[in-house]
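The chain contents come next:
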Amino acid sequence: MMDINPSSLDFTGYTPTWCAGCGNWGIGKGIELALKKQQLSPDRVIMLFDIGCSGNMNDFINAYAMHTLHGRALATAVGVKIANHKLPVLVTGGDGALYGEGGNHFLHACRGNHDLTVIVHDNSVYGLTTGQVSPTASKGKKSRSTPSGIIEQPVNPLLLALTQGATFVAQGFTAQLPQLAELITAGMQHKGLSIINVLQPCVTFNKENTYAYYIKNTYKLPEDHDKSNFSQALEQAQSVFKERFPLGILYETTRPTYQDELPQLASEALAERGRFEKSVSLLDNFK
Amino acid sequence: MMAKQQTAFLWKVGAPAGQGVMTTGLLFSKLCAQSGGNVFDYAEYPSLIQGGHNTYEVLCSTSPVNNRAWQVDYLVCLDKVTLETHEHRLRSGSIVLFDPAAGKISPTGDYTIIALPLKELLAELKANSIMANMIALGASWALVGGQRKKLETLIAEQFGKKGAEIVKLNQNCADRGFETIVGNTTTTITFPWHKPEKTPIVLGGNDAFSLAAAAADCRFYASYPMTPSSSVLATLAAWQKMTDMVVRHAEDEVGVVSEALGASFAGVRAAVGTSGGGFALMTESLSYAGIGEIPLVVFLSQRPGPATGLPTWTEQGDLLFACYAGHGEFPKIVLAPGDVTEMVVLTKQAFDLADIYQTPVLVLSDKFLSESRMVLDSEVVERELSTPPEYGKTIRQVDELPYLRYKNTDDGISPRLIPGTPGTHYQANSYEHLEDSHTTEDPEERSMQVEKRLRKQATYLSNHWQMPSIEGSLERAEYIFVTWGSSKLVVSQARDMMDQPTAHIHFTHVYPMDREKVAALFAPNRHYVLVENNATGQFGTLLRSEAGVDIKHSIRKYDGRAFYSEEILAALESA
Ligand SMILES: Cc1ncc(C[n+]2csc(CCOP(=O)(O)OP(=O)(O)O)c2C)c(N)n1
Ligand code: SF4
Ligand SMILES: [Mg+2]
Chain A
7 MMDINPSSLD FTGYTPTWCA GCGNWGIGKG IELALKKQQL SPDRVIMLFD IGCSGNMNDF
67 INAYAMHTLH GRALATAVGV KIANHKLPVL VTGGDGALYG EGGNHFLHAC RGNHDLTVIV
127 HDNSVYGLTT GQVSPTASKG KKSRSTPSGI IEQPVNPLLL ALTQGATFVA QGFTAQLPQL
187 AELITAGMQH KGLSIINVLQ PCVTFNKENT YAYYIKNTYK LPEDHDKSNF SQALEQAQSV
247 FKERFPLGIL YETTRPTYQD ELPQLASEAL AERGRFEKSV SLLDNFK
Chain B
-5 MMAKQQTAFL WKVGAPAGQG VMTTGLLFSK LCAQSGGNVF DYAEYPSLIQ GGHNTYEVLC
55 STSPVNNRAW QVDYLVCLDK VTLETHEHRL RSGSIVLFDP AAGKISPTGD YTIIALPLKE
115 LLAELKANSI MANMIALGAS WALVGGQRKK LETLIAEQFG KKGAEIVKLN QNCADRGFET
175 IVGNTTTTIT FPWHKPEKTP IVLGGNDAFS LAAAAADCRF YASYPMTPSS SVLATLAAWQ
235 KMTDMVVRHA EDEVGVVSEA LGASFAGVRA AVGTSGGGFA LMTESLSYAG IGEIPLVVFL
295 SQRPGPATGL PTWTEQGDLL FACYAGHGEF PKIVLAPGDV TEMVVLTKQA FDLADIYQTP
355 VLVLSDKFLS ESRMVLDSEV VERELSTPPE YGKTIRQVDE LPYLRYKNTD DGISPRLIPG
415 TPGTHYQANS YEHLEDSHTT EDPEERSMQV EKRLRKQATY LSNHWQMPSI EGSLERAEYI
475 FVTWGSSKLV VSQARDMMDQ PTAHIHFTHV YPMDREKVAA LFAPNRHYVL VENNATGQFG
535 TLLRSEAGVD IKHSIRKYDG RAFYSEEILA ALESA
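Just so you know, the protein sequences line up as chains A and B, in that order.
Everything in the first sequence is counted per the working numbering, starting at 7 for the first residue and increasing by one.
Everything in the second sequence is counted per the working numbering, starting at -5 for the first residue and increasing by one.
There may be inaccurate statements among the hints.
[To be verified] Calculated cross-link-like contacts (lysine-lysine; reagent style DSSO-like; alpha-carbon spacing at most 27 Å):
| hint | chain 1 | residue 1 | chain 2 | residue 2 |
| --- | --- | --- | --- | --- |
| 1 | B | Lys192 | A | Lys284 |
| 2 | B | Lys235 | A | Lys293 |
| 3 | A | Lys293 | B | Lys155 |
| 4 | B | Lys74 | B | Lys98 |
| 5 | A | Lys293 | B | Lys192 |
| 6 | A | Lys293 | B | Lys144 |
| 7 | B | Lys387 | B | Lys446 |
| 8 | A | Lys284 | B | Lys235 |
| 9 | B | Lys155 | B | Lys120 |
Hints are computed from structural coordinates only; laboratory data are not their basis.
Chain A extracted, bound-state conformation (with noise of 0.2 Å):
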């Protein structure tokens, strides 16, 4: 076998082809000091980023990857998981993707507990295709597809995934680089479905949601704060309706995950097991 050549096992990709000023660049910066601190290298992670702004990460960090189809990565990553328990899968996307185009498979993912980490990049727009409203926009928002203002009412992240199910709940805002850091370890260090919301401003096509507007919404949970208790969680999480966005892990609970559930997974690496050699004696059933 070759050398392994460190130059090769950074995680810093191509120079980020992001708007000046985007949150995502914060974002970039958090997962990569998040998987420094936790001594991984590119060859020992797997990432899946989905389609978006936020998504294109994809060549900016380096890591054993996949670059989804819109909406798909966290339906992808719960097989991708499942077929390599043994590490640790990081997926990362927008609001749209994640809340709008695979909402479906965040229900889901939540009630599954399946063991991932997923950031989402929260900017209440869908950046990459021009500022279109997002599942997260306030109601009443114009955009290029809503000139009249967006009639539905905005998900609520946070209640979303604490009402489905998922073990560990946090927001995070972009800004906010040490904490934000902070959250990706924790979730990934969390064992289940972690699902990190992070506030993400868009420069270029969200004139409402800026750096200045969650520097005065945000707020630190307080201390006395009980992340084990889910009540506590749900309310911190309401306060989203009255614009005041909560920053910190609001939830954080131990439930078995998927893959703790599944015999198949108990020693090995479903990858890295050897093959079922025993098929001929299914023919049995058809005797």
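We have chain A already, so just place chain B with the ligands on it with the hints.
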């Protein structure tokens, strides 16, 4: 009176849904197979759980059988509707088992009705009405001259798990049915029953796919229930503890195929199963498998569409959809087994081809093939199941850096590294990419990757594509039948019934196909007859576009039912 010798018979049972017809049919089929008969069995049922009319028929013969037959020799009626619905398939001399208490009937044909007083017997046996099927089973077995003891042992085997009491009750009912008939020698036949040398195996198309998938090292199967593919999900799920395969019932078909691609990328062989509607939802991901070069096996069991169509009936209506599914241009391999043995062989091959060519491979079935069960040659099946898989250029270590996931190669195939291998990394990119897998929009790199991917198709055609099988002499045949998929079955049977010399060209590797080699099979001035279970002659269209062959005469059926040989013969006569 002497009992008649018989070399083949068709037995059919009918009842309202929920009356246990499937069990009666399956058990009767097993009795026949375990007593040395060659069986072919098939169930028909509407998409209803209660009500509606269910049937199960078993064709049993001294020689191998590969299709249903039109004439019903024994019709077991658990209600009046059964007789009314199937009376037109009775011949003179057919025998009908009927309970006079089920209502007044006015028979129109020259067949024999034997009274089977189900109601009365149930009362006598203190059994509830569902046990009528066991009485009918016993009566049927007596009618065809089966061994009484066999009933008892099979029922013990079948119901053993449910406890001694249930076994006894079922045995009593069956035995009582047997006894009711057995004295009546005027109507029983003797079939040359015997103990077969080896216990025969009886498999349907879905069973065959499941077995071959397990043998092919498939470690991840995901599906969302949809008839007629659902029994694969149930079968593989039931075997999980033994096979260690992970079987997932995911939230929807988009999730199903996405998960399979994730599992495949991460290093395990993965497959999905569905029918047309579910497959429609999967097509975007098929295209991702194409550009990301991710192996994937898709089991597509067709049923009549469009939309919800006829959920529990049969059609070969999705051929062109399958061949052309997925946006953009990428190689895809479509295999269409024509019988259950071919299903075993081609499923095994599908998993190898998916790895070798790193692209989606589709295995086409239909309700008829998926659920028709036949006796297979166990030696052939065992050999096939035991052959180790071929993984192509799947690698678990790299010899050279940088590792180029999408390296431009002569055969179009780039070594595919299993993620997690130390020292490097890459992405399975749904965007166009460079050899090293980073996204690109460069025109030259784009063209190179397009050509590289399409070269895999050429490599497949020269290394693995298989010519259609040919039976009979193409030179001497008056009619040359052309089939793909399950219509092979009816044509083989129809040819046996014809006096004229005929030949049969049967395609399994339906897409892509080698233009020159296929064209060479078709000579001018010969009479080709294309037999397809669809309305528009889709394989005819495919032959025209892929091989430049235009078959003028085709026989089609699209009422949701599979062909009978008699229909083929009649169509030829009227042509
Ligand atoms: C099936 C499909 N539909 C639509 C698109 C076009 N598309 C690309 S990204 C995107 C939305 C991106 O929004 P979001 O997920 O919020 O990501 P962001 O760009 O904001 O990071 C859309 C609609 C696509 N690529 N695929
Ligand atoms: S469009 Fe918005 S989300 Fe996309 S890169 Fe620019 S600022 Fe960021
Ligand atoms: Mg967005």
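- Query: Which hints, by number, does the structure contradict?
  - Reply: none
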